[in-house]
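There are 2 protein chains.
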Amino acid sequence: MTSRPGEPSSSPMASSPPPPPSSSLSPPQIPMKLHEINRLKLLNSLREHLSLSSRPHQGFVFLQGGEEQTRHCTDHTELFRQESYFAYLFGVREPGFYGAIDVATGDSILFAPRLSEDYAVWLGEIKPLSFFKERYMVTFVFYTDEIPKVLHDRFQGSGRPLLFLLHGLNTDSNKFSKPADFEVLTSILFSCPELSVEGIEKFKTDMSILHPIITECRVLKSDMELALIQFANDISSEAHVEVMRKTRVGMKEYQLESMFLHHTYMYGGCRHCSYTCICATGDHGSVLHYGHAAAPNDRTLEDGDMALLDMGAEYHFYGSDITCSFPVNGKFTSDQCLVYNAVVGAHDAVISSIRPGVSWVDMHKLAEKFILESLKKGGILFGEVDDMMVERLGAVFMPHGLGHFLGIDTHDPGGYLKGAKRPLESGLSALRTSRELQEGMVITVEPGCYFIDALLNPAMQSSNTSKFLNCEEIVRFKGFGGVRIESDVHITANGCVNMTKVPRETWEIEAVMAGQSWPLKNEQPCSENGVEG
Amino acid sequence: MTSRPGEPSSSPMASSPPPPPSSSLSPPQIPMKLHEINRLKLLNSLREHLSLSSRPHQGFVFLQGGEEQTRHCTDHTELFRQESYFAYLFGVREPGFYGAIDVATGDSILFAPRLSEDYAVWLGEIKPLSFFKERYMVTFVFYTDEIPKVLHDRFQGSGRPLLFLLHGLNTDSNKFSKPADFEVLTSILFSCPELSVEGIEKFKTDMSILHPIITECRVLKSDMELALIQFANDISSEAHVEVMRKTRVGMKEYQLESMFLHHTYMYGGCRHCSYTCICATGDHGSVLHYGHAAAPNDRTLEDGDMALLDMGAEYHFYGSDITCSFPVNGKFTSDQCLVYNAVVGAHDAVISSIRPGVSWVDMHKLAEKFILESLKKGGILFGEVDDMMVERLGAVFMPHGLGHFLGIDTHDPGGYLKGAKRPLESGLSALRTSRELQEGMVITVEPGCYFIDALLNPAMQSSNTSKFLNCEEIVRFKGFGGVRIESDVHITANGCVNMTKVPRETWEIEAVMAGQSWPLKNEQPCSENGVEG
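Chains as they are written, first to last, in the UniProt record's numbering: chain A, 1 to 533; chain B, 1 to 533.
Hints in this document: simulated from the structure, not taken from any laboratory.
These numbers come from a predicted model, not from an experiment.
Misleading hints may appear alongside valid ones.
Repeated chains share a single entry, so a pair holds when one copy, or any two copies, can fit it.
For lysine-lysine, the following BS3-like pairs were computed, each having C-alpha atoms within a straight-line distance of at most 25 angstroms [to be verified]:
hint	residue 1	residue 2
1	K478	K127
2	K252	K127
3	K178	K202
Excised from the complex, chain A in its bound form (with noise of 0.2 angstroms):
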């Protein structure tokens, strides 16, 4: 043993215990039965559509995994997350990966890279090919090399076999999704002599079926992926509690990203986040994207300021995405309230009307709705609401979209079918679904009211909209920033579960940045919420 000089530290520090753990969640096992589900259901919903149009049911779903990148010329490594399409159906963690499932057989088939000897010193042990059997619950894997020789082999219809590779637009970012890359393949099959090169141009291949079904798949959740989104939401929820009660003037935002981050990986084992924190105070509030790296959550905190803390993390794959907004002393002014019940208002009003059958588009109203009326209560806007939502006013205070599907993204595909059209209007424009509520859905709920000059000084200039605006009081909403409220449902028979648990109430809130704990001792009903306070 090694010498230890001097006397035993007499710190205080030296014998006491390590703090009790500041979470009362721990991550639960990875279920990778999850992904054989999804496969199913994928399959199953392929055969219908190629019994529909009389086709047999032939041919491999076939996607490529995605591969780990460097930065630039350097050989930094950028930490891997998966593709999401390639995560919904095989849950694999490691780069490099190709997947089929056989549409005849139901077979599943993992390709996995053939590594150097290199890689058991640098990057770890090699393991065979039935560790990822096992691991990923999947009928066969093979290596990457083998990919034309194992599908021809394994084909059972007649000709060359039919791939159903990934392409589809994705409607949030306005980009296709990349079939497998048959290049790769191709100089694949160059190095295998063994390997006729005619091989690749033998199969055939459909790029229109798979992407369609695929993503309604992937719209409507199952048990498990709910269980998965419910953990990423406890723990993040378990986060943003810890977050408020910890925020102090003075503090920079990028210290409530790095609390929140803390939680959720210390305690949750949540690597990823669903997206860029989003830790807006003061005027940054009303940026809706804020927190990239032109605009870093480099704010210090001011007395006074509102603060809009979107930040959810991710847990294999599956996501939360949620939003409070608090004043950063832990008390709301006048105004604050004002703002802040307008929203949470609105929020609570489209929880209580969700339901299968609705429309995504009448919850958005509903909400603008709620907004405008509460302002008008408060006396920043004038004259009769249904005129203000013909005029489309609150697009003014609410930009973007009521929400969207959550799920493997953040922005989970699906959000309009094909041939269905965004809607116009303003504000309406934005929505990332117009589609009609159906139970299995997960979709966030996340109003917010916004102070942004670009929108508002248009607005007060244009005939058409400036007879609604009490200028005098908006002009004391200049800096304040923006509220936003959002919290993730689930769709279901009759109705919707709300799957983020934060203080949503004033009152709870600050109890809560008062130091109580959360779920609150004594729950109350909240007296009254109206915007008097």
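Go by the hints and put chain B onto chain A.
Only chain B this time, still in chain A's reference frame:
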């Protein structure tokens, strides 16, 4: 004000003040002057080079900054970090910029992207060009769509303006840096009818001169660069100590990562790390680049494990790279001591020998020799160390190079000058530089000793090396993992300065893990760091 029902909380938490900050550090001001100095240094080197070949001091250094990336087809934006050469010259944190330096006048010119009106609502205030001029201390700022016109107008030579573009090999990644993208510029020209499309074809380009010159500028650090690297070292050293102190048997490896990330961001404002944290315990310590997505720091710490934590924060692009190794239960066993002291002795021997003119290959061999001698003293090896050196036995226990340049990249470029050959011998071939040390270099000193089955098994079977190995002793180290000790040193006129300030002696580590403050108050010399412990 809102109502707050119920009596005031009587929880002991309620009125307790926030805990005191856990750091003596705070983020320093960002010194933009640093980049002005970098530009001047490049300009001087480039002009000198041109003079030597009797070429005129004309044309523009022309670089493209990094672009923000989204994940596959989604709208998930990855947190942007500037391309390193662009960061070196301009220090710009926003994506989408180009930059030029006029070789004739020394003027520096930034080109900012012209942002859409939507940007103000979603991403933040659209800054005027004067904002960037002031922030980045450049001579002029224009929009990117003005690049061709500006460069043509300002060119002082005759004929077509010459652009010095960045094109050269990164000897760590074996990738070439990407010269500024002319396709983008061409498409800009097409969209600007007032500029002739031929404009772009009227540039001359040079792809060979710039890269080696700017790379060599980066190799030798200025005082302002050293100060940033020192801060990254200070906050990371403090975070390592924090992690060491809080490590407990039963934790997960990623919890150590989480604590490190939190400390460096919360108290150091470091949003980025220099590289993905390597938090290896037990056998994982023998995986040199553990911690990536396929080996994601997810093991549970067991009593008797060594931890090998390789983690470094980055501040305003400049990084740190620090490894600490310690027993997770806070007490070294005699075997752990043997291996640890072999490595710390090698580390100290190298640092004592470093000075300008010393060959890095010799430093590597010095470390190897110390480790082999220690393993021999500990009864793990037999025979003459000089014979072991001839057979390259050191590479079995330390298969990586002794260290690498450190700066804006963790593996900072310039390790091999053009035409320099990598050593071919086992172990030495992994060196990221074979250069002689010079004043102003910053390099990591990171000897290690690992028990890697993939290397030990062949060594035990080879007649050249098996004679040195005491297999009966070595078998005890199966599953031991490894020890690495890594500090960042700055080469001075007469020696070097160790910028890393963490406990290194076994007794220091044990004292800190037992709760003593760091630096130790009653610092004592190590009575004897011999392997007998």
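Going through the hints against the structure:
1. In this homomeric assembly, K478 and K127 come within 25 angstroms of each other (Cα to Cα) only across copies, at 18 angstroms, whereas the closest approach inside a single copy is 59 angstroms.
2. Proximity of K252 to K127 under the C-alpha cut-off of 25 angstroms is restricted to the inter-copy arrangement: shortest distance 22 angstroms between copies versus 44 angstroms within a copy.
3. Taking the shortest alpha-carbon separations for K178 and K202, only the intra-copy value of 21 angstroms comes in at or below 25 angstroms, while the best inter-copy value is 36 angstroms.
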